[in-house]
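Asker: Listed here are the chains, written in short residue letters.
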Amino acid sequence: MGNDFVDKSRILLVEDEETLGLGLEFNLTEEGYEVIWAKNGKEAAQFIRSAEFDLIILDIMVPYLDGFEIAKIARREYPRIPILILSARAGVKDRIRGLELGADDYLTKPFHLQELLLRVAGMLKRKAWYKDTADQNPVFKFGRNEIDFRDFSCVADRRQFQLTFHEAMVLKYLIDHRNTIVSRKDLLENVWNTSSEIETRTIDNFIMRLRKYFEPDPAQPVYIKSVRSVGYIFSTSEDE
Amino acid sequence: MKKRIGFLHPILVFIMAQLAWLSLLGLWIYWYVSNYIILKQVGDNLSPQIITKGANLLALIIGLIMLVLLLWGMYLIFIFLNRQINVTRFYDNFIANFTHELKSPLATIQLYLETLNLRKVSAEKQEEFIRLMLKDTYRLKNLINSILDMNVLEQQKAALRYQVYEAGDMVTDLIKESAEKFNLLESSVKISGNGSCECVFDRANMKTVFDNLIDNAIKYTEGEFELAVRMRCNEKFFYVELTDRGIGIPAKYQKRLFNKFFRVYQADSPNVKGTGLGLYMAREIMKHHNGKISVFSKGKNLGTTFRLQFPIFGRTGNRYLKQLLKKTQKYEKEQDAGHGE
Numbered sequence: 030m031g032n033d034f035v036d037k038s039r040i041l042l043v044e045d046e047e048t049l050g051l052g053l054e055f056n057l058t059e060e061g062y063e064v065i066w067a068k069n070g071k072e073a074a075q076f077i078r079s080a081e082f083d084l085i086i087l088d089i090m091v092p093y094l095d096g097f098e099i100a101k102i103a104r105r106e107y108p109r110i111p112i113l114i115l116s117a118r119a120g121v122k123d124r125i126r127g128l129e130l131g132a133d134d135y136l137t138k139p140f141h142l143q144e145l146l147l148r149v150a151g152m153l154k155r156k157a158w159y160k161d162t163a164d165q166n167p168v169f170k171f172g173r174n175e176i177d178f179r180d181f182s183c184v185a186d187r188r189q190f191q192l193t194f195h196e197a198m199v200l201k202y203l204i205d206h207r208n209t210i211v212s213r214k215d216l217l218e219n220v221w222n223t224s225s226e227i228e229t230r231t232i233d234n235f236i237m238r239l240r241k242y243f244e245p246d247p248a249q250p251v252y253i254k255s256v257r258s259v260g261y262i263f264s265t266s267e268d269e
Numbered sequence: 430m431k432k433r434i435g436f437l438h439p440i441l442v443f444i445m446a447q448l449a450w451l452s453l454l455g456l457w458i459y460w461y462v463s464n465y466i467i468l469k470q471v472g473d474n475l476s477p478q479i480i481t482k483g484a485n486l487l488a489l490i491i492g493l494i495m496l497v498l499l500l501w502g503m504y505l506i507f508i509f510l511n512r513q514i515n516v517t518r519f520y521d522n523f524i525a526n527f528t529h530e531l532k533s534p535l536a537t538i539q540l541y542l543e544t545l546n547l548r549k550v551s552a553e554k555q556e557e558f559i560r561l562m563l564k565d566t567y568r569l570k571n572l573i574n575s576i577l578d579m580n581v582l583e584q585q586k587a588a589l590r591y592q593v594y595e596a597g598d599m600v601t602d603l604i605k606e607s608a609e610k611f612n613l614l615e616s617s618v619k620i621s622g623n624g625s626c627e628c629v630f631d632r633a634n635m636k637t638v639f640d641n642l643i644d645n646a647i648k649y650t651e652g653e654f655e656l657a658v659r660m661r662c663n664e665k666f667f668y669v670e671l672t673d674r675g676i677g678i679p680a681k682y683q684k685r686l687f688n689k690f691f692r693v694y695q696a697d698s699p700n701v702k703g704t705g706l707g708l709y710m711a712r713e714i715m716k717h718h719n720g721k722i723s724v725f726s727k728g729k730n731l732g733t734t735f736r737l738q739f740p741i742f743g744r745t746g747n748r749y750l751k752q753l754l755k756k757t758q759k760y761e762k763e764q765d766a767g768h769g770e
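So the protein sequences, as listed, match chains A and B.
Each residue of the first sequence is one higher than the one before, counting from 30 in my numbering.
Each residue of the second sequence is one higher than the one before, counting from 430 in my numbering.
Please keep in mind that the hints were generated in silico from the structure rather than gathered at the bench.
One should not assume that every hint holds.
As the list claims (entries may be wrong) - When the alpha-carbon atoms are kept at most 27 Å apart in a straight line, the in silico DSSO-like pairs for lysine-lysine are as follows:
no., chain 1, residue 1, chain 2, residue 2
1, B, K532, A, K68
2, A, K71, B, K648
3, A, K101, A, K160
4, A, K71, B, K532
5, A, K101, A, K156
6, B, K564, B, K554
7, B, K684, A, K68
8, B, K729, B, K684
9, A, K71, B, K570
Said to hold, decoys possible - With the Cβ distance kept under 7 Å, some of the chain A side facing chain B (calculated, not the full set):
no., residue
10, E46
11, T48
12, L49
13, G52
Glycine included, each C-beta is placed from N, C-alpha and C at the ideal position.
Pulled out of the complex, with its shape left as it was, chain A reads as follows (with noise of 0.2 Å):
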């Protein structure tokens, strides 16, 4: 994959059983990235502190610190970082924590090679597509909220506080389809790169999140407005 944001990446792998650890390391590696390896979580967190990375494949059950501690660290240092949870729990419930506490995938083990290695060149794509905008255009104003796309921090109304990747992500996304409806589908698309049916009750939890942030009155959203059985639409009226 002869791109150049591709090659460069820097992949940090979390993963204490060492047979998949080596497996894993060696096709990461075979596909031109670089991969540091972290067998247990308080390694991981010490690599995370001590050099900057563009993708986190993170176990959940490793030692020391689990992999929901670990992306909370990561996200913290990092709130751009792309996240691939990697687990062999494989219930409802454990795929909305990861994907609530900012994981950007969830793969469960056993897993397809080839479906692993699609979805981290996805995951890199698009935060270099991330990036680019988010370098063009730092500073969004609506309305009586300012958000800055670099470091996800917002004024609402005069309170200060922090996006979380995910929200910031999908805020953006709106923005940049603004006036045009984004359906759910695409929304999991192309901000976590999935395409099940299971996390369409993710999609909407953070546009509730959203609207209590940005929204003046929740329950009759000016901004992010609902379109019947299709999805969302972000409009202000500066636009109109």
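With chain A held as given, fit chain B onto it using these hints.
Answerer: Below, chain B without anything else, positioned relative to chain A:
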């Protein structure tokens, strides 16, 4: 759904059934007494021969017997219902735990097979991949075997090989065998105390117990491995204590440690792979020996002690131990007869 299960809790059902039974019994006696008086009056007026005292007492007794049978039936239903509920609960747990354990080695095997399918891999790498795949195939095999072993133990279908042994010698032998199996340094295992008393052991099963305990001690020791084995005989019992210098077991988990499929998962402890069956098996085997197993740990990083208690042959629980020996003899005879055919 949950509310319904709460309402139908077996103990609640049992209590309600008991109340129903008691009121039925009360009603029956009340009916008998009140009717007896009326019948007696009627009978006395008409003809004293028709109703005799004996027949009436018979009716009361038959009625009472029926009611007792009813109670017995209820009791049986309650026991079997409870057993069924436990089986179902266990089954759900089993599926969740066991499939999770199976997935990891399976993921590895699939990954390497797909790698070999997708890429041109050098002969050297190929060899390495095959070695790693085999390693996880063995892991799968061991997992499945442990389930089968457990089944054999639970169904009591295992070969019976109970014999009277000198306890100290037996334990020393088993510990040495385990140490060899796990490649332990001789200096890391210290055996002390006095084991000069006689106990009844099933050697093969006791080996499983000691292997499981020592395997755990190794897995849960982070620094240098050290195991102290202390033996002691008193009037009635023989005790063995195995103390390691491992990470210890928090008090809140100690009670549940011997439960089937129970595993301690703590974020700050090393992730040890296992089935959650080893200590369960140990406890079951000890039960079969009429013995006990218990655990002590002062806390984190302060090591763990497992204590085994066996009845001394000829001193305690002799009837049970003799039964074990008799069963073994019978089993051996059957085996001999089987071979003779």
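Asker: A separate judgement is required for each hint: does it hold in the structure or not?
Answerer: Hint-by-hint comparison with the structure:
The hinted pair formed by B/K532 and A/K68 meets the criterion: a straight-line CA distance of about 19 Å does not exceed 27 Å. Restraint check for A/K71 and B/K648: satisfied, since their Cα atoms lie roughly 19 Å apart, inside the 27 Å limit. Distance check on the hinted pair: A/K101 and A/K160 sit about 21 Å apart at the alpha-carbon level, within 27 Å; holds. Pair hint A/K71 plus B/K532 holds up; C-alpha atoms about 24 Å apart against a cutoff of 27 Å.
At most 27 Å may separate the alpha-carbon atoms for a hinted pair to count; A/K101 and A/K156 meet this at roughly 19 Å. For the suggested pair B/K564 and B/K554, the alpha carbons sit about 15 Å apart, so the restraint of at most 27 Å is met. Taking the CA atoms of B/K684 and A/K68, the gap is near 31 Å; set against the 27 Å cutoff, the hint is violated. A C-alpha spacing of about 16 Å is found between B/K729 and B/K684, which places the hinted pair at or below 27 Å, so the restraint holds.
Only pairs whose Cα atoms come within 27 Å are accepted, and A/K71 paired with B/K570 is rejected, the gap being roughly 31 Å. For A/E46, the interface hint holds, the least distance from its beta-carbon to any beta-carbon of chain B being 6 Å, beneath 7 Å. A least Cβ separation of about 5 Å between A/T48 and chain B falls short of the 7 Å threshold, and the interface hint therefore holds. The closest approach between the C-beta of A/L49 and any C-beta of chain B is roughly 5 Å, which is under the 7 Å cut-off, so the hint is satisfied.
Annotation: A/G52 was flagged as interfacial toward chain B, and the flag holds, the nearest CB pair being 4 Å apart, inside 7 Å.
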